[in-house]
Amino acid sequence: MMQFGIFSVGDVTPDPTTGRTPTERERIKAMVAIARKAEEVGLDVFATGEHHNPPFVPSSPTTMLGWIAARTERLVLSTATTLITTNDPVKIAEDYAMLQHLADGRVDLMMGRGNTGPVYPWFGQDIRQGINLAIENYALLRRLWREDVVNWEGTFRTPLQGFTSTPRPMDGVPPFVWHGSIRSPEIAEQAAYYGDGFFHNNIFWPASHTQQMVELYRTRYAHYGHGTPEQAIVGLGGHVFMRRNSQDAVREFRPYFDVAPVYGHGPSLEDFMDQTPLTVGTPEQVIEKTLAFRKYAGDYQRQLFLVDHAGLPLKTVLEQIDLLGEEVVPVLREEFAKGRPADVPDAPTHQSLLAAAHDKQAHDRQANDKQPNGKGGEPAEEVRTA
Amino acid sequence: MRLVVVSAGLSVPSSTRLLGDRLAAATAERTDAEVQVVELRDLAVEIAHHLTNGFPGPRLSSALDAVTAADGLIVVTPVFSASYSGLFKSFFDVLDRDALAGKPVLVAATGGTARHSLVLEHALRPLFAYLRAIVVPTAVYAASEDWGAEGLAGRVERAAGELAGLMGGLRGGLRGGASESVSESVSESASESASASESESAPELTSASSSEPVLRGTGAALPDVVPFAQQLAALSPSRGA
Numbered sequence: 003m004m005q006f007g008i009f010s011v012g013d014v015t016p017d018p019t020t021g022r023t024p025t026e027r028e029r030i031k032a033m034v035a036i037a038r039k040a041e042e043v044g045l046d047v048f049a050t051g052e053h054h055n056p057p058f059v060p061s062s063p064t065t066m067l068g069w070i071a072a073r074t075e076r077l078v079l080s081t082a083t084t085l086i087t088t089n090d091p092v093k094i095a096e097d098y099a100m101l102q103h104l105a106d107g108r109v110d111l112m113m114g115r116g117n118t119g120p121v122y123p124w125f126g127q128d129i130r131q132g133i134n135l136a137i138e139n140y141a142l143l144r145r146l147w148r149e150d151v152v153n154w155e156g157t158f159r160t161p162l163q164g165f166t167s168t169p170r171p172m173d174g175v176p177p178f179v180w181h182g183s184i185r186s187p188e189i190a191e192q193a194a195y196y197g198d199g200f201f202h203n204n205i206f207w208p209a210s211h212t213q214q215m216v217e218l219y220r221t222r223y224a225h226y227g228h229g230t231p232e233q234a235i236v237g238l239g240g241h242v243f244m245r246r247n248s249q250d251a252v253r254e255f256r257p258y259f260d261v262a263p264v265y266g267h268g269p270s271l272e273d274f275m276d277q278t279p280l281t282v283g284t285p286e287q288v289i290e291k292t293l294a295f296r297k298y299a300g301d302y303q304r305q306l307f308l309v310d311h312a313g314l315p316l317k318t319v320l321e322q323i324d325l326l327g328e329e330v331v332p333v334l335r336e337e338f339a340k341g342r343p344a345d346v347p348d349a350p351t352h353q354s355l356l357a358a359a360h361d362k363q364a365h366d367r368q369a370n371d372k373q374p375n376g377k378g379g380e381p382a383e384e385v386r387t388a
Numbered sequence: 012m013r014l015v016v017v018s019a020g021l022s023v024p025s026s027t028r029l030l031g032d033r034l035a036a037a038t039a040e041r042t043d044a045e046v047q048v049v050e051l052r053d054l055a056v057e058i059a060h061h062l063t064n065g066f067p068g069p070r071l072s073s074a075l076d077a078v079t080a081a082d083g084l085i086v087v088t089p090v091f092s093a094s095y096s097g098l099f100k101s102f103f104d105v106l107d108r109d110a111l112a113g114k115p116v117l118v119a120a121t122g123g124t125a126r127h128s129l130v131l132e133h134a135l136r137p138l139f140a141y142l143r144a145i146v147v148p149t150a151v152y153a154a155s156e157d158w159g160a161e162g163l164a165g166r167v168e169r170a171a172g173e174l175a176g177l178m179g180g181l182r183g184g185l186r187g188g189a190s191e192s193v194s195e196s197v198s199e200s201a202s203e204s205a206s207a208s209e210s211e212s213a214p215e216l217t218s219a220s221s222s223e224p225v226l227r228g229t230g231a232a233l234p235d236v237v238p239f240a241q242q243l244a245a246l247s248p249s250r251g252a
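So the sequence lines, in the order shown, correspond to chains A and B.
Counting from 3, one number per residue, gives the positions in the first sequence under this note's numbering.
Counting from 12, one number per residue, gives the positions in the second sequence under this note's numbering.
It is worth saying that the hints were derived from the structure and are not from the lab.
Bear in mind the structure is a predicted one, so any value in this text is a computation, not a measurement.
Hints are not guaranteed to be accurate.
To be verified - Over the 10 Å line for every Cβ pair with chain B, so calculated as not near, a few chain A residues:
| hint | residue |
| --- | --- |
| 1 | E96 |
| 2 | F125 |
| 3 | I137 |
| 4 | R246 |
| 5 | P315 |
| 6 | R335 |
Said to hold, decoys possible - Output of the computed footprint for chain B on chain A, the stretches with three or more beta carbons under 8 Å from beta carbons of chain B:
| hint | segment |
| --- | --- |
| 7 | 184 to 191 |
| 8 | 199 to 208 |
| 9 | 216 to 224 |
Ideal placement from N, C-alpha and C gives every residue a C-beta, glycine not left out.
Generate coordinates for the entire structure from the input sequences, incorporating the hints supplied.
What follows is the structure, encoded as structure tokens:
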């Protein structure tokens with residue numbers, strides 16, 4: 003089935019209608035309240051951003067996700083995004099394997115580069131090497147999760163000799179990885195090469211651009227032999243503010259929109275809604291706009307909504323999640339299922355990856371039995387969902 | 012052939028636009044080029060929104076596409092504070108960095124006094140050199156007094172002749188070669204190191220052919236991408252070995 007969830011940037015922004023700025027502690031507590039609410043109303047995923055500069059609070063994602071894991075039962079915990087450029091891949095391997103065990107497998111990650119220039123030198127890196135850092139660090143991360151003992155030498159990090167990343171991934175199955183990118187074809191190519199997921203954070207982009215990036219990923223996914231273009235694993239963002247009556251939604255959201263750090267003082271709310279996935283209106287309007295994503299991105303696996311930024315108070319945000327859970331997502335589940343080809347895979351989970359790994363083992367054993375000289379032992383093909 | 016005029020004139024009518032039109036007409040006489048004019052005045056708000064939001068509105072988007080697809084370009088700005096206008100610069104700031112690579116460009120400017128004429132050499136020519144455009148040798152400056160004096164017509168004709176010559180000449184030869192070498196320089200180091208590391212046992216690196224050229228996806232609209240194995244191989248510390 004398709005997954006629906008919330009992704010949060012974690013910004014601390016003054017509420018423009020009251021002038022009040024929440025404390026960092028309030029914002030952190032609000033983020034975890036939002037995650038718990040997402041589970042309560044039947045959503046599937048909560049993803050936190052990772053930032054190392056004000057006005058953002060989530061610098062330590064696995065601490066936050068570990069707390070949420072202990073207080074939820076079903077929710078998949080993810081990131082949007084994990085900085086594969088400035089974090090040490092060894093620490094990512096360790097932290098997220100630990101989280102995976104504590105959360106009983108309810109963990110995946112979305113890799114991103116980060117576009118804040120100064121963060122790179124603060125962590126000893128150079129933003130001009132962003133793509134290369136993403137490529138080398140992720141290649142190492144994959145090995146750390148898949149090989150018990152790693153000898154490695156690269157361009158950006160101290161070499162490793164005889165290193166074992168602990169804990170080993172749960173059931174020997176590493177967390178599923180998405181690669182998030184807005185406009186770098188190299189990252190779509192990377193996701194396609196490995197058969198990983200590709201998340202296009204389309205919330206500030208016109209449909210034509212999203213379509214181009216997703217199509218590139220799908221084409222290259224098929225090129226690398228992971229399946230048909232339609233079977234590639236795609237995620238999209240969305241950005242909504244809802245009230246029962248669309249005029250009420252616009253009236254209430256406009257002051258937040260007009261001064262929001264990311265799009266305030268720019269195009270009008272109406273222009274923005276026209277040109278990007280932003281929907282300010284009724285739950286029915288959100289349903290209509292979100293269903294239209296399929297027209298240009300194809301059948302996809304994960305839909306994340308941004309609902310908690312621009313200084314919106316927690317109470318209002320929780321009301322948004324109630325509306326998503328009660329009115330929007332049930333209809334989206336039903337409508338997206340219609341006409342979805344049977345061979346388009348569900349969003350990968352720990353269970354589906356584990357089952358695929360078992361199938362592959364059984365298949366390899368059979369192949370080896372048939373060929374006593376052991377020719378069936380192909381080099382480790384990547385575990386994918388069926 | 013397509014000839015695009017980018018005019019940053021602000022008033023209507025504008026002497027900047029007038030100079031652009033005269034240069035375009037003189038160039039069109041020498042080529043079979045269709046002329047399209049991009050008036051930055053009409054795009055000013057979309058350009059500002061692009062700067063703050065990161066994506067172009069529909070009209071700016073089609074203007075950027077037209078400039079990118081042009082076989083030749085005439086760019087004309089009024090002189091503001093001893094340089095090109097901010098609007099003129101902002102348009103080229105939001106244009107893709109490689110959009111003008113290898114493209115013939117005629118630079119022109121207008122001003123109230125002839126004292127600013129070297130703006131073309133000190134400001135416009137370096138800007139378009141940075142963008143790897145091929146700037147024609149004659150740059151055309153029109154001060155107010157030039158519109159009633161001898162000389163402007165001759166400079167317009169000379170510059171148009173140079174632009175027309177480059178558009179015709181580059182289209183079959185130099186221009187194609189130039190854009191090829193642009194792609195090559197992107198993948199050059201990657202493909203070199205991919206072949207260097209082929210002798211080593213790295214199954215992931217050899218799963219895609221290292222001699223694969225820079226790819227264009229199936230749809231013409233898909234962006235170029237260097238095959239992943241080449242990207243990865245370029246980072247191998249043993250690539251010098």
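Evaluation of the provided hints:
Against chain B, the non-interface label of E96(A) holds: every CB pair exceeds 10 Å, the least being about 23 Å. A cut-off of 10 Å between C-beta atoms confirms that F125(A) is not in contact with chain B; the least separation is 18 Å. Not every Cβ of chain B is farther than 10 Å from the Cβ of I137(A); the closest lies at roughly 5 Å, contradicting the non-interface assignment. Every Cβ of chain B is farther than 10 Å from the Cβ of R246(A); the closest lies at roughly 30 Å, confirming the non-interface assignment.
Distance check on P315(A): its Cβ is at least 25 Å (rounded) from any Cβ of chain B, clearing the 10 Å threshold; non-interface status holds. The claim that R335(A) is not at the interface with chain B holds, since no C-beta of that chain comes within 10 Å of its own (minimum 30 Å). Beta-carbon proximity to chain B at under 8 Å applies to 4 residues in the segment 184 to 191 of chain A; the threshold of 3 is reached and the given coverage holds. Here the segment 199 to 208 of chain A counts 3 residues with a CB under 8 Å from a CB of chain B, which clears the bar of 3, and the coverage holds.
For the segment 216 to 224 of chain A, the assignment as covered by chain B holds, since 4 residues bring a beta-carbon within under 8 Å of that chain's beta-carbons and 3 suffice.
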